[in-house]
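Peer 1: The sequence shown begins at 1 in UniProt numbering and counts up one residue at a time.
Rather than coming from a laboratory, the hints here were simulated on the basis of the structure. Backbone N, C-alpha and C fix where the C-beta goes; we use that ideal spot for every residue, glycine too. Incorrect hints may have been included.
Cβ-Cβ distance ranges computed for the label pairs, FRET-style [stated by the list, open to error]:
hint : residue 1 : residue 2 : range
1    : P64       : R189      : 22 to 30 angstroms
2    : G88       : S65       : 46 to 54 angstroms
3    : H131      : S65       : 19 to 27 angstroms
4    : T276      : H131      : 26 to 34 angstroms
5    : S241      : T299      : 48 to 56 angstroms
6    : R189      : G57       : 43 to 51 angstroms
7    : G100      : G184      : 50 to 58 angstroms
8    : E209      : Q89       : 22 to 30 angstroms
9    : H131      : E270      : 43 to 51 angstroms
10   : T278      : P30       : 17 to 25 angstroms
11   : D151      : P193      : 46 to 54 angstroms
12   : R189      : D31       : 28 to 36 angstroms
13   : R189      : A297      : 38 to 46 angstroms
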Amino acid sequence: MTRASGVGSMPGEDAAAYAEAVRAVLGELPDLPHVPELPGRGATASMTGRALAVLEGLDVDLQPSGWRLVGTSGAPGVDHRRARSLLGQDLDCVEELTQGYAGTFKTQVAGPWTLAATVEKPRGDRVLSDHGARRDLAESLAEGLRAHIRDVRRRVPGATSLVVQVDEPALPAVLSGAVPTASGFSRHRVVHPPEASALLETVLSAIAEEGAEPWVHSCAPGVPWGLVRGAGATGLVVDLSVLSAADHDTVAEALEAGVAVALGVVPTTEPAGGLTDTAVVQRVERWLDMLGLDPEAGTLLVGPGCGLAGASTSWARRALQLSRQVATALT
């Protein structure tokens, strides 16, 4: 059966918008709802801020240049505390509105390489520049996710299974040496695939050991999906519009091998002239036909191409509706 899914982010800037996002996700994605993210509320609610809120054993603070590690004092700064408090408030809302829900549930977190490419070391420059720092950050994220998974399970007791989606939009840039240094005049060195796989595996293994399903999402072009599978991902969340010819084959092989594939096919902002579910269904069917796949082969999901934070509130809900309608038609 083809199911509808969402990537995670939604539009909105306050608690009322967050509650509405939870209701929209529960109403439009009944087979796989998720914990919404509203990055429009500021840095503490951003993809990076949300992931830093679950770290175990590392503290961070917020500088004009962005998030920065400050050590292992056990006394997090005010911005780190705010990020954790906001995540707790959001989960309180999820807990309240999912009463009576039963089924698979999903939460999201930024991955170790995206954090390494966006968070600074205590004395400046990205964590990416330091082998030891990026390893420590990955291990801290892995340990923090263990507690986070248990917390989500406690709050959503009807979740028969839990998916943890690891967002890695920066992974292609990390592997190609395209992440700029602090000065902006140079680029960080290329990270070689074995190390990239090892740190990603550190996080994915922790998720699996807690009994959750580790999925990896990126809507950037050039993601090495074979490496992601090799690191332990049991689900791939991809944007159909950025897949290369080789990617199509890799994703198809994953689907046939039993790996869940969430195919991003609905635009993240409203297209001129509108969009019908029939047009999206035809697009998915053409893709399946091109690869010789059946809609019922493996675990196929459909959803927006990427996050919906930049969409209007009306289009965000419409995008989720379209995803559900397309999934129903394909089934």
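Peer 1: Work down the list of hints and note, for each, if the structure agrees.
Peer 2: Quick rundown of the hints versus the structure:
Between P64 and R189 the beta carbon distance is about 26 angstroms. The supplied range of 22 to 30 angstroms therefore holds. The beta-carbon spacing between G88 and S65, approximately 27 angstroms, falls outside the hinted interval of 46 to 54 angstroms. Range check, H131 to S65: about 22 angstroms between beta-carbon atoms, so the 19 to 27 angstroms window is met. Checking the proposed 26 to 34 angstroms range against T276 and H131 shows it is violated: the Cβ atoms sit about 50 angstroms from each other.
Evaluation of the 48 to 56 angstroms hint for S241 and T299 yields a failure: the beta carbon distance comes to about 21 angstroms. Look at R189 against G57: about 27 angstroms separates their beta carbons, and that is not inside 43 to 51 angstroms. The hinted range of 50 to 58 angstroms is satisfied by G100 and G184, whose Cβ atoms lie roughly 51 angstroms apart. Between E209 and Q89 the beta carbons are some 28 angstroms apart, a value that agrees with the proposed interval 22 to 30 angstroms.
Distance hint check: the CB atoms of H131 and E270 are about 44 angstroms apart, consistent with the given range 43 to 51 angstroms. A beta carbon spacing of about 22 angstroms between T278 and P30 agrees with the range 17 to 25 angstroms that was offered as a hint. Taking the beta carbon of each, D151 and P193 are about 33 angstroms apart, not inside 46 to 54 angstroms as hinted. Checking the proposed 28 to 36 angstroms range against R189 and D31 shows it is violated: the Cβ atoms sit about 43 angstroms from each other.
Distance hint check for R189 and A297: the Cβ-Cβ separation is about 41 angstroms, which falls inside the suggested range of 38 to 46 angstroms.
Going down the numbered hints, you'll see the structure goes against 2, 4, 5, 6, 11 and 12, while the others check out.
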